[in-house]
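Add chain V to chain W, keeping to what the hints say.
Chains as they are written, first to last, in UniProt numbering: chain W, 1 to 70; chain V, 1 to 527.
Source of the hints: derived by calculation from the structure; they are not laboratory data.
Ideal Cβ positions, reconstructed from N, Cα and C, are used throughout, including at glycine.
One or more of the hints may lead you astray.
Claimed, not checked - In the DSS-like style, the derived pairs of lysine-lysine whose C-alpha atoms are separated by at most 30 Å in a straight line are:
#, chain 1, residue 1, chain 2, residue 2
1, W, 48, V, 92
2, V, 96, W, 48
3, V, 468, V, 132
4, W, 48, V, 458
Claimed, not checked - Partner residues aside, some chain W positions facing chain V, computed with beta carbon under 7 Å:
#, residue
5, 53
6, 55
7, 57
8, 60
9, 62
10, 66
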Amino acid sequence: GIPIRTTLDNSTTVQYAGLLHQLTMRARSTVRDIDPQNDLTFLRIRSKKHEIMVAPDNEYLLIVIQNPCE
Amino acid sequence: AVAAAMFADGSAGSADVGSLWRRARGARCEAKSCQTGPIVTAEAAVQTGTKQEAGVQTEQGAGAAQGSPQEGPADAARLLSFLQRVEDAVIKELSKNSRSHAFDGFEVNWTDQNETVLCLHTLSYPEAQHRKLQVTGVSWNATGAVVACSYGRLDDGDWSTEKSYVCTWNLDRRGLNPQRPDLVVDVPSSVMCLAFHPSQPSVVAGGLFSGEVVVWDTSRTEDPLISRTGMTDDTHTDPVYQQVSWLPDGKHRNHFQLLSASTDGKILVWEEERDGRLVLAEGFALVAQQIPCSIRLKKLTWGETAVGVTSLSFSHFDPCVFVVGVEGGFALQCSTAVRTEALQRPGSSLPLRAPAELAFSSHGGPIYSVSCSPFHRQVLGKQPGNAPYEMFLFSRNLFLSCGTDGHIHLHSLLQAQPLVSVQLSKKYLFCVRWSPVRPLVFAAASGEGEVQLFDLEKSTQKAAVSIKQTPGESPVYCLEFNVQQPQLLAAGDAMGAVKVWQLSSDFTEQGPREMKHLEQLASEVTD
Chain W
1 GIPIRTTLDN
11 STTVQYAGLL
21 HQLTMRARST
31 VRDIDPQNDL
41 TFLRIRSKKH
51 EIMVAPDNEY
61 LLIVIQNPCE
Chain V
1 AVAAAMFADG
11 SAGSADVGSL
21 WRRARGARCE
31 AKSCQTGPIV
41 TAEAAVQTGT
51 KQEAGVQTEQ
61 GAGAAQGSPQ
71 EGPADAARLL
81 SFLQRVEDAV
91 IKELSKNSRS
101 HAFDGFEVNW
111 TDQNETVLCL
121 HTLSYPEAQH
131 RKLQVTGVSW
141 NATGAVVACS
151 YGRLDDGDWS
161 TEKSYVCTWN
171 LDRRGLNPQR
181 PDLVVDVPSS
191 VMCLAFHPSQ
201 PSVVAGGLFS
211 GEVVVWDTSR
221 TEDPLISRTG
231 MTDDTHTDPV
241 YQQVSWLPDG
251 KHRNHFQLLS
261 ASTDGKILVW
271 EEERDGRLVL
281 AEGFALVAQQ
291 IPCSIRLKKL
301 TWGETAVGVT
311 SLSFSHFDPC
321 VFVVGVEGGF
331 ALQCSTAVRT
341 EALQRPGSSL
351 PLRAPAELAF
361 SSHGGPIYSV
371 SCSPFHRQVL
381 GKQPGNAPYE
391 MFLFSRNLFL
401 SCGTDGHIHL
411 HSLLQAQPLV
421 SVQLSKKYLF
431 CVRWSPVRPL
441 VFAAASGEGE
451 VQLFDLEKST
461 QKAAVSIKQT
471 PGESPVYCLE
481 FNVQQPQLLA
491 AGDAMGAVKV
501 WQLSSDFTEQ
511 GPREMKHLEQ
521 LASEVTD
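Just chain W, with the same shape it has in the complex (with noise of 0.2 Å):
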């Protein structure tokens, strides 16, 4: 995806927009080939540094990243 508004530097969000939207497509056929009138409503994926929180539509994606703060 292209980067349309970000609060980091530039070549972290052009890897981070690219990356994600290549996962959000493919949770999104898993979730719709599993049940076809199921739909993906949001991504969440956490690893050991912080959680990355995904929000999709027809058109944009909204990437958010979290640290939890245990």
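Then chain V, alone, in the frame of chain W:
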């Protein structure tokens, strides 16, 4: 009388046989002919009208990605409606997350855990061991596959003109023979320290006992020596004991300069020239008078006595700031951006500068090694509700120093007193290095023949793992982590062997809360 029958000529009639085949053949022959129809031909021609050429070239280390994000002009309204739709859901998830305990203590192991530290290889050069040479420096190359060690003597007090060796082993090769190095370089004087080039995998620099700095290229088999400083007025007058390192040049991204420090108090930066000489580019000199007086020197030294530099480490964040350890037992914070000139004996071609800015409290004896922490927290933008901004600065400024008093001091660049001080050994500590992957782990080489691995997360008072490298009490002089394969640690000892240790997984994987611990430790400064 016998009537002679006389043979006489006679003739008889001849017989004829008529030919049969000619007539038969003639009766069966026929004549036929055929002709192809007319062939249709046509002509056509094609010619390209225009040509275009384009070329692509990749550049090493290109700057930040070009192309700022474009804003679609007509999409603003649709973007707004999208944001309004998802805003609630996202905010709900964010706040649920910050209160969630679902993942507390949940950790996943992706790789096989190995529990113990084992010695992968013991590398040595038998000839050097015959001559009782010791390993004075080890270094991993840029790709992490080759380890080099330098042989010399560290316990000789006087001037020595012994020959020594630099040996390299490629650990990824099949048929690695630990007793036979891949390359042995004969050096006319003792090599005291070694450093591989950060991006060219075959170039290695060494500092000699005679004060010279030499660069070898291990891929050239006939004569690996490519440049040297020679014995000019500029070179060091004392051995280059601990520190030779490569500095990125501010002007050209891929160009590196060579830095050497020695006990004559000079820190010199060399530039490689084409004819194989190393020429002085910049220099610094530490003189007792110019040390900032925030600490008291044990012996008041007057005049222009030089302060011997035994080790040096650059800060990973500010390329102008570096920390030196001196023979007097204290560490100094220095900067390459100073302008004041050093008072020193004349004779060098370039004026040397006095770099010292801040002095830290001292150890009981000379410092043998300093190391700056390579960690900082990844900046994920200004996120509200996170740690305050000052926290980012603290975690960059930590460094370790160790010396002959057997203590390790963990300092912050912001204050003179150490944050943590631990006694690891009753003998000298020769080398200390931060781990490249775990912010709270460092390794120290001790005079009792042990490599001690310290984990500040588990305990700030004693070592987590203590590896015995040599039987008896023969000291371990140097150690280096392999940045490309962080579970490998190479350590060289006085018996002339280099041991490559494979660390257990808890030393190589970063836990989720390590950065926080590191910052907590560093923030004790303000308490």
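Hint by hint, here is what the structure shows:
1. W:48 x V:92: holds (22 Å)
2. V:96 x W:48: holds (18 Å)
3. V:468 x V:132: Cα-Cα ~20 Å, so holds.
4. W:48 x V:458: Holds. Residue 48 (chain W) to residue 458 (chain V) sits at ~19 Å (cutoff 30 Å).
5. 53: holds (6 Å)
6. 55: Cβ of residue 55 (chain W) sits 4 Å from chain V, so the hint holds.
7. 57: holds (5 Å)
8. 60: holds (5 Å)
9. 62: Since chain V brings a Cβ to about 5 Å from residue 62 (chain W), closer than 7 Å, the hint holds.
10. 66: Given a least distance of 6 Å, the restraint on residue 66 (chain W) holds.
Of the hints listed earlier, there is not a single one the structure fails to meet.
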